[in-house]
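Now for the letters of each chain:
Number of protein chains: 2
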Amino acid sequence: MPPLNWLVIALPLFASLTWAQQSLGQPSAHPQLVMTSSDVAQIRTKLGQVPLFDSSLTRVRAEVDAEMKLGIDTPEPQDYSGGYTHERHKKNYAMAQKAGALYQILGDEKYARYVRDMLVQYATMYRNLPLHPKPRSYARGKLFWQCLNDANWLVYMSQAYDAIYEYLPSSERETLETELFRPFADHISIASPQFFNRIHNHSTWGTAAVGMIGLVMHDEELIQRALYGLDLDNFGNARDNDGGFIRQRGEAAGFFANLDRAFSPDGYYTEGPYYQRYAMYPFLVFAQSLRNSNFSEQAFERNDGMLLKAVETLIQLSDQDGEFFALNDAQKGMSLQANELVTAVDIAFQANQDPRLLGIAQTQQRVLLDGAGFAVAKAITSEQAQPFTKPSLHLTDGSDGVQGGLALLRAPNEALTLVFKYTSQGLSHGHYDKLSFSLHAEGAEVLQDYGMARFVNIGQKGGGNYLPENTSWAKQSIAHNTLVINETSHFEGKYEIGSKHHSTLEFFNVREKSAQVVSAREDNAYPATSMRRTMALLNMTGMDTPVVLDIMEVQSASNNQYDLPFHYLGQVISTNFANDADQQRRQLGETHGYQHLFIEGRSETKLPQPTGSNSKFTWMNENRFYTLTSVTESGDEQYFTRLGANDPNFNLRRDPMFMLRRKDTKDTIFVNSIEAHGSYSPITELAQHAVGKIAKLEVIHKSADYLAIGIETDSGNKSMFFLSRKSSGGESHQLEIAGKQVSWSGPYYFIKVAN
Amino acid sequence: MPPLNWLVIALPLFASLTWAQQSLGQPSAHPQLVMTSSDVAQIRTKLGQVPLFDSSLTRVRAEVDAEMKLGIDTPEPQDYSGGYTHERHKKNYAMAQKAGALYQILGDEKYARYVRDMLVQYATMYRNLPLHPKPRSYARGKLFWQCLNDANWLVYMSQAYDAIYEYLPSSERETLETELFRPFADHISIASPQFFNRIHNHSTWGTAAVGMIGLVMHDEELIQRALYGLDLDNFGNARDNDGGFIRQRGEAAGFFANLDRAFSPDGYYTEGPYYQRYAMYPFLVFAQSLRNSNFSEQAFERNDGMLLKAVETLIQLSDQDGEFFALNDAQKGMSLQANELVTAVDIAFQANQDPRLLGIAQTQQRVLLDGAGFAVAKAITSEQAQPFTKPSLHLTDGSDGVQGGLALLRAPNEALTLVFKYTSQGLSHGHYDKLSFSLHAEGAEVLQDYGMARFVNIGQKGGGNYLPENTSWAKQSIAHNTLVINETSHFEGKYEIGSKHHSTLEFFNVREKSAQVVSAREDNAYPATSMRRTMALLNMTGMDTPVVLDIMEVQSASNNQYDLPFHYLGQVISTNFANDADQQRRQLGETHGYQHLFIEGRSETKLPQPTGSNSKFTWMNENRFYTLTSVTESGDEQYFTRLGANDPNFNLRRDPMFMLRRKDTKDTIFVNSIEAHGSYSPITELAQHAVGKIAKLEVIHKSADYLAIGIETDSGNKSMFFLSRKSSGGESHQLEIAGKQVSWSGPYYFIKVAN
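Chains as they are written, first to last, in my numbering: chain A, 179 to 933; chain B, 179 to 933.
Think of the hints as simulated: they come from the structure by calculation, not from any bench. Be careful, since some hints might not be right.
Any copy will do: because identical chains look the same in the list, a pair fits if it lies in one copy or spans two.
Unchecked claim - In silico SDA-like cross-links for lysine to any residue, where the CA-CA straight-line distance does not exceed 20 Å:
hint : residue 1 : residue 2
1    : LYS556    : SER215
2    : LYS224    : ASP286
3    : LYS904    : ALA882
4    : LYS794    : GLY908
5    : LYS896    : VAL877
6    : LYS510    : LEU747
7    : LYS794    : PRO826
8    : LYS568    : ALA693
9    : LYS510    : GLY748
10   : LYS918    : VAL931
11   : LYS904    : TRP922
12   : LYS510    : THR862
13   : LYS510    : GLU429
14   : LYS510    : GLU800
15   : LYS794    : ASN827
16   : LYS672    : SER893
17   : LYS841    : GLU768
18   : LYS269    : HIS867
19   : LYS247    : LYS487
One chain only, chain A, in its complex shape (with noise of 0.2 Å):
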């Protein structure tokens, strides 16, 4: 999509207020933005003494130290992300804001000077600065290709510019202020209104980085500014890089209208955990400089707590090893060991006093340089951390928490995580991919979502910025472990149908071990059409880890295909039907993602597959085995997958996928079960259990009202699994099965059959 153009948007004028007039009294001394004066005295009493703090100030002057020996370049902007001039400009802020930290706490001017001979330098080249040369940003910065990164710049600077601000004459800061952080301030604002004025991560950054140069510059005005916005309203479906609206006619903006709208109440941000990662940096720092600076104004209280209640929510979706679900756009690897979870865990520790947060600070080994990371650090040391355990947990979607939502199932701890997403779209960020799932296995990831087309900041793949191929395939339903019917995504892969709908939670309950269940719809997705996916981890007698059971419901006014993708990871070790691979490699399909895939194996349909039979497919990933149990009908085919078609640019890893295609069918129903077994070692070279334990998958019961799935293993242990396909409600029950009466209340019935 090509830029917009911008018409320069007036002003609206607000009082040119002092800062005295406006808040409660004097200004602090500086510091006072995410470090103050009396954080820096306690500090400077404690150098020493303190292991995690003494261990992480190490690191950074070691970092600032060498960095400050290859002297400070300002290059003339001219690169997108990865390239010099891009990188040189982020690392710049990046040091600026740690020298400053340094000299508040070591005293030493070296620092100071270096920060501000960094500050001068940009004031001499900001004051001609055209824009950024490159054009492909919706909202172009002009230090950085778009304003996002300038926003950046400006959240970590001022911080730098509040280390110093005492050590600098009047003059000098009257010449920074005016040559070049108000000014600065106004590109991303006033001058990039489509920028600065939404709900979505941009925004909070923009108005963060406004709202904290206005604190350390005392200008209510910005401030002000930054609060609640610019009071403008003309954007029409304008568009960003992302495909994402602007702005919806009326809403409120920003930074307050961001931390009210962003998060559901249970504080999920709609567009999932890795940006919400991102988010978090600006809404804490800003937050903690409102604090610090005794403004009139608070944003911790906000929302009964929302922004602490964020950061527990965005730690439990992270997987055994800390890295998050790849929801949505998301670089996969990213982690609770990020700076932003450093900033996160430590700014809520000295909020909230949460101990468990400081197990998560001893897996990151380091704080910040600031009231917070000591605060976080002497706790450490005094021995008051606990472990943050993760339970099954269902976390509302919307910032009225009724749009849909996401359950995680774990059990026992983190052995299986099941990622259940049943969400809204998650703004320009999400994906087509509702009623989807991810399996995780401590820290492997057993049935995946593909996550995003994108190599970071990796300048030769298109400029570290998203690929076409994020469009193409990862935003594609195919890409998930989702139904999708007619080779086409949910609602066609268009952001205007999609942002308008969300999934619907029909139950989700996690009280009883045995059965941990969830339950949601999907009515608008496809015409006439609705799904409804109930999964559960089941506890199974004899068998080690608990059985994911998945029954995906499908009523269709019309006959449909429907394919249902399972994204495993791993080593194909056994299949029960015959593979034909052909010997040359044919596309799936055409569009909506299939041109993506080769098909590699397709079971032989001359085969028999009665109705009601069972197909297993076992593979390994990490030295586990995992088997896919399918009750299958006759016709039914099944499918071996491998990404890389119509990609000539290698912009795809090569995944395997397994899917079932079920053809020219109305309503239906898939049930599939999931069981980890066994173990493999390559140094023993022990395989432990490497055949999965279900013998049997079946329907015993089907009609209107009614669903029973029996499931038994090997040794002739049954397990049946009831569903009341009508109600969610905690009616009575009763249904004959083989002549025998089972009752029940609520929604479903888990019960182990004696043999």
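Dock chain B against the given chain A, drawing on the hints supplied.
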């Protein structure tokens, strides 16, 4: 190949002398094999004082106690590897050996009873046991499908029997020896000479098994049979299941012959480290047993201490993570953590007191429950451990040390390790990969050797045995980083040809750290064709890690097609040529492994590729970047391929390959450089030095006598590498390059040239 039918061969008559008549004195009291009664006495006084020994003891005790609770099961043999009866009998001998050690150390009779009861059960069963029902092995066992596993059983059970020898009344000993051990030893030797009488790891196990039970039973005849083999010589050209010859006419046999023949003077085992690891266990425990038993003939002193040298060499053949390089048939992931290596390290330390072995033992975190393990644990407690550093190394192959060899170039430390192979065939587990190499960065495989196509002990995969793809792919030349001519493997992939030849070292020089160089030639892989490959690690000004320079010279009597593959692992980042990706994947070829490769992309041949220009390919592997720069000639083609064709059972990993192809050429030279550069973090999202620094790689001079290669970095640093093509001697050479005289002596010369 069908199993051979072996006639019962008459047993050569050794005089049935008693122990006391042959050996130097009275037999020691039991135990006397890997553990002695004086070891036991010492260990018992120190329990609770040597942490690594105590923790090893605790772990083994917990394991054996848990197993004993399940009761003893000696099922009727019926399965291949991975099946229940196979795994059960394997577990039995492992548990019995450990229970025996626990009995000695803890003095708790329950462990002795457990071993006795198990042995009695085996004795009852063995009496009437037929050959194992599964017919696949060239030498079928009785408990297992192959004699090899029966020999494993006896090596361990000898130790278990030795541990409880004194506990048993003599009547029970006689029953066990008559009904079980003696016929068992006879079956794997006299009744299976094709297994017992070879120079092969199978026979090392077989002879150690017979010798060890002989030592426990004080049966001189068994010991002599073990040490010197059976006096037989009528195997003709019979082969084993891997295609290896059973025995060459006139060869010596027995344990000592294996010891004398299996290792090169540098301690390199011709089959490679995976099988060296496997063979080291019987080599060392039988040697240890001979020593502990004070037997008249000893193994450790033999051949200038070859066994201990072999332990050192085996450790050297691992990457920074301790994983063995995958030379010949080898399972990836096998490492210094294997039980066999715990045995090797402990026994070797007891023999040579090398404190670097303690450094390895520390990473193993466990020791043997015997005198050797105790010695290691005690020395670690008294802080004698030193790090085991791994330098660059040349290892000869062949028992005479003149059948080629293997070079390891490392710099700095193990940041890069280049493994260059110019060995002999490597017996039946050898691959057709003359002059091949692999490249490792710390613990990561950058350019891989595929290893073997086998899922050891995973029953669903061909009974856990070698898969057909091991022959059709893994052994073929194209599966390795070496030159393949006319789509035909070296020696046509024929063992009888390959095993007659070896490559030849030209020179190896790692004295100057600025240029570590190795050069070798192969004149027999193709008719009327000679290949010479020179590989170097060069320190270039301005580069963080050394550059790999790879010069492959070919001279042939005929016009050929040359394929030079690079088995990169990771994600394609960029190429400097357009990639012509077909929408259908076609096979690269029809035979010699080519039938398993799909073409994933090809350089667009319409692009000009003038002779002397460079093609460039950058990939990312485990968050580091690598760039291959190739001097191209007009008409050269670049291919990207992926494994998976003709593999309907997914027996092969879907690994990628990059390949240079030069057609219709007689003599030619391939010049390539590989640089490791920069890094990426998915957490900081920082890409450093994602673009390679080599700006130009060129052949500056080429004549019948000399080759000069120029390398220039993007910052203008130039280096030149001169190679004498005719002689590897120390003569003086002189060459005029661009009007300047360059003089050097020796086979090569590397200089950095001022800008």
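- [ ] Would you list, in rising numerical order, the hints stated earlier that this structure does not obey?
- [x] 4, 13, 16 and 19
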